[in-house]
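S.K.: Each chain sits in its own coordinate frame; assemble them with the hints.
If you want the building blocks of each chain, they are given just below.
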Amino acid sequence: DAGVIQSPRHEVTEMGQEVTLRCKPISGHNSLFWYRQTMMRGLELLIYFNNNVPIDDSGMPEDRFSAKMPNASFSTLKIQPSEPRDSAVYFCASSQEQGYGYTFGSGTRLTVV
Amino acid sequence: GNSVTQMEGPVTLSEEAFLTINCTYTATGYPSLFWYVQYPGEGLQLLLKATKADDKGSNKGFEATYRKETTSFHLEKGSVQVSDSAVYFCALRPGSARQLTFGSGTQLTVLP
Chain R
33 DAGVIQSPRH EVTEMGQEVT LRCKPISGHN SLFWYRQTMM RGLELLIYFN
83 NNVPIDDSGM PEDRFSAKMP NASFSTLKIQ PSEPRDSAVY FCASSQEQGY
133 GYTFGSGTRL TVV
Chain L
-17 GNSVTQMEGP VTLSEEAFLT INCTYTATGY PSLFWYVQYP GEGLQLLLKA
33 TKADDKGSNK GFEATYRKET TSFHLEKGSV QVSDSAVYFC ALRPGSARQL
83 TFGSGTQLTV LP
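The listed protein sequences correspond, in order, to chains R and L.
Using our numbering, the letters of the first sequence correspond one by one to residues 33 to 145.
Using our numbering, the letters of the second sequence correspond one by one to residues -17 to 94.
So here's chain L without its partners, still in its complex pose (with noise of 0.2 Å):
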């Protein structure tokens, strides 16, 4: 079947540390993979995504690569700020299928 494993929060960082939130799937076929971020009291919003091996999806300086070797699709970004604070998801779509698959969900709290 599908899945999906996230790192275990919550993680605490301070301002401009380094992050990584780790993510390995178990997928059959060629999923396409995802990472959303949920801000508190507001809906899932995508943040990038990679649709074939070897993809990086970037934005707003977060940066995950498909790596098919490791079925991994780890969470970067070189300097948080505190406005990242919120709850980070990974998901992934297997080629054939039209709903995603999420992880449990990793708790971001960046300091002043």
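If we strip away everything but chain R, and leave its shape as in the complex, we get (with noise of 0.2 Å):
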């Protein structure tokens, strides 16, 4: 199995610019989540699904950021417009059944300018 999938690697955008991250579960899995890791922040927990369907993303920073999980093998987090301070690593993950931890992809590095 590949893993967890990420793409781009590395994002430079200006701000104000439309960003969009990707990510490709582990086939199989049936949640993924969406994380943020900052120095000052360390992992956030932005959004997480199961079985495709959002079910908290209570910790979406705000309306600017957005995450759709079309199908079972694909999802998207995307920032619209961007902001110097979105500058991060963001981190996709999946998992399967309760007990199991999470197989995370190697992460994009945003940075906002």
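Honestly, the hints are just simulated from the structure, not real lab data.
On a predicted model such as this, the values are computed, not experimentally measured, just so you know.
Wrong hints could be hidden among the right ones.
What the hints assert, rightly or not - With the Cβ distance kept under 10 Å, some of the chain R side facing chain L (calculated, not the full set): (1) G35; (2) S39; (3) N84; (4) I87; (5) D88; (6) F97; (7) S98; (8) N103; (9) F106; (10) S119; (11) A120; (12) V121; (13) A125; (14) Y132.
Here a beta-carbon is modelled for each residue, glycine too, at the ideal position from N, C-alpha and C.
M.R.: Right, here's the structure in full:
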């Protein structure tokens, strides 16, 4: 298995632009999670899906952030418009049944200038 | 609510030293407990886990025992190597939940 695949690995964009981050979970995993990691705040859960349905989006910072999971093999996290304070590493992770941990992707390092 | 408290870093050790990274938790129900490791520039990788009290998780020479009476899951390794330099995260997953709650992470640096 190729693991959780995220793209792009690095993204540099100008303030105000739209940014889309992509994630392909491990086949057969029914839960998908988006996290943001910064030095100041550590790992923050943004949103998670179970069987493609958003379950908890209380961690999404504001309306500029949105996430979708149109099918079991693909999810996107969109920021529109982006701001410099959105600069962080964004991780996607997937999981199967309860009692198991996650498998993380390698992350997308986003820099908004 | 659910929370994880890790010992603050950074931790710096010499090669072959003994490692302990403390982790305590607060949770409703009977959580599963995890240690993750993050090497520079990479995502988090599952290091070990324990799903019930008194279970011992182990991997790559690292061990942690699920202690319900002290609500702890301390990470230990008898002899660290330079290649163990990384950030270590303790995490819990309550029995009824799907999401993990992470600690703040502990940076470990091992010097040759």
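S.K.: The structure should be examined with respect to each hint, and the outcome stated for every one.
M.R.: Evaluation of the provided hints:
1. Because the closest C-beta pair between G35/R and chain L is about 9 Å apart, less than 10 Å, the hint holds.
2. The beta carbon of S39/R is not positioned within 10 Å of any beta carbon in chain L (closest approach about 13 Å), and the interface hint is therefore violated.
3. Restraint check, N84/R versus chain L: the minimum CB separation of about 14 Å is more than 10 Å; hint violated.
4. For I87/R, the suggested interface contact is upheld, since its CB lies about 7 Å from the closest CB of chain L, less than 10 Å.
5. A cut of 10 Å between beta carbons decides the hint on D88/R: the least distance to chain L is about 7 Å, and the hint holds.
6. Annotation: interface hint on F97/R violated; nearest CB of chain L at approximately 17 Å, more than 10 Å.
7. With 10 Å as the threshold, the beta carbon of S98/R stays out of range of chain L, its nearest partner Cβ sitting at about 19 Å, so the hint is violated.
8. Hint on N103/R is violated. Least Cβ distance to chain L is approximately 19 Å, over the 10 Å limit.
9. Interface restraint check for F106/R: the shortest CB-CB distance to chain L comes to about 18 Å, outside 10 Å, so the restraint is violated.
10. The criterion of a C-beta within 10 Å of any C-beta in chain L is not met by S119/R, whose closest approach is roughly 16 Å, and the hint is violated.
11. Given hint, A120/R at the interface with chain L, is violated; its Cβ is 14 Å from that chain's nearest Cβ, farther than 10 Å.
12. Restraint check, V121/R versus chain L: the minimum CB separation of about 9 Å is within 10 Å; hint holds.
13. With a cut of 10 Å, the hint placing A125/R at the interface with chain L holds, because the nearest CB-to-CB distance is about 8 Å.
14. With a cut of 10 Å, the hint placing Y132/R at the interface with chain L holds, because the nearest CB-to-CB distance is about 8 Å.
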